[in-house]
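S.K.: Work out the full structure, taking the sequences as your base and the hints as a guide.
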Amino acid sequence: EAQVTQNPRYLITVTGKKLTVTCSQNMNHEYMSWYRQDPGLGLRQIYYSMNVEVTDKGDVPEGYKVSRKEKRNFPLILESPSPNQTSLYFCASAASASTYNEQFFGPGTRLTVL
Amino acid sequence: GENVEQHPSTLSVQEGDSAVIKCTYSDSASNYFPWYKQELGKRPQLIIDIRSNVGEKKDQRIAVTLNKTAKHFSLHITETQPEDSAVYFCAASFGNQFYFGTGTSLTVIP
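Chains V and C, in that order, give the protein sequences. Using the working numbering, read the first sequence as starting at 1 and increasing by one per residue. Using the working numbering, read the second sequence as starting at 1001 and increasing by one per residue.
Worth flagging that the hints you see were computed from the coordinates, not collected in a lab. Here a beta-carbon is modelled for each residue, glycine too, at the ideal position from N, C-alpha and C. Be aware that a few hints might be false.
Just a few of them, taken from the derived set where beta-carbon distance is under 10 Å, the chain C residues facing chain V [claimed, not checked]:
(1) Glu1002
(2) Val1004
(3) His1007
(4) Gln1045
(5) Asp1049
(6) Ala1091
Restraint ranges, calculated between C-beta atoms of paired labels, are given here [claimed, not checked]:
(7) Pro107(V) with Ile1109(C): 28 to 36 Å
(8) Ile77(V) with Ser1028(C): 18 to 26 Å
(9) Tyr100(V) with Pro1008(C): 39 to 47 Å
(10) Glu1056(C) with Tyr10(V): 37 to 45 Å
M.R.: Printed below as a string of C-alpha cells:
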C-alpha cells in the first residue's frame, strides 16, 4: 500500500532533550516536506527536500533540522526542543519537485514539550 | 514571503445548500493553488487544485475559481452532504514552497 508513515505518533518530552521524528514514504517520491499545524494558524512549512541531499528552509525553520540521505526517508530533528514547539507535525511527499504535484500527508505526530 | 488569508473561519450550511470559502494571496508569483480537506483527527487530503493559467476547475460537486488579477481564489461545494463536514485549507505555492490559509471549519447540518 502506497503511504507516508511517521513515528512516533505521539511524544511527550522535556525541554532540551533532543528528539527525532521519522518520516518514510514507499512511493519513490522525490519531494518531501515537513509542516507544523497549530490552532488558528493552519499548516506552516518547516523544511522541504526536492531530492536526496537537497533540502531547503520553509516558512518556519528555526529550531529544526532535517536530512535527506535516502530518497524514502526525511527525518525531522529537534536538537533542543522548547515548549513553543509543541504542535502537530505532518510529513508529506509528492512525486516530483514540480509544484503541480499532489502532496500526500502522513498521519501526523503530536508532540508535547514540557 | 507569501501571505494567504482565508475566510470565513467557520461556516454552517444546511444539507443540500452550497458552501463557498474564499482565499486571497499576496505574491503574484504563486502559480499553484491546492485545496485540502481535513476530517477530525485525520491527515489533510487534496480535494482539488488549480494552476495559475486556468480560471476555473470542476470535479463533481466541487469547483475552484481563480482570479489572478485580484489575487484571490475560492472553493465552491454544491449540494452539501454531512460527510462534507471538515476543516478546509487553501494553499498557494511557488517554487516548491507552500503557504496555507488558517482553515475553514465547515459544518453541514442534516
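S.K.: For each hint, tell me whether it holds in the structure or not.
M.R.: Results for each hint:
1. With a least beta-carbon distance of about 8 Å to chain V, the hint placing Glu1002(C) at the interface is held under the 10 Å criterion.
2. Annotation: interface hint on Val1004(C) holds; nearest CB of chain V at approximately 8 Å, less than 10 Å.
3. Given hint, His1007(C) at the interface with chain V, is violated; its Cβ is 13 Å from that chain's nearest Cβ, farther than 10 Å.
4. Residue-level restraint check for Gln1045(C) holds (minimum Cβ-Cβ distance to chain V is 7 Å; threshold 10 Å).
5. For the restraint placing Asp1049(C) at the interface with chain V, the shortest Cβ-Cβ distance is roughly 7 Å, inside the 10 Å limit, so the hint holds.
6. With 10 Å as the threshold, the beta carbon of Ala1091(C) comes within range of chain V, its nearest partner Cβ sitting at about 8 Å, so the hint holds.
7. Checked against the hint of 28 to 36 Å, the C-beta distance between Pro107(V) and Ile1109(C) comes to roughly 29 Å, which is consistent with it.
8. A hinted range of 18 to 26 Å is violated for the C-beta pair Ile77(V) and Ser1028(C), which are about 35 Å apart.
9. For the hinted restraint 39 to 47 Å between Tyr100(V) and Pro1008(C), the CB-CB distance of approximately 28 Å leaves it violated.
10. Checked against the given bound of 37 to 45 Å, the beta carbons of Glu1056(C) and Tyr10(V), roughly 41 Å apart, stay inside it.
Violated hints for the displayed structure, listed by number in ascending order: 3, 8 and 9.
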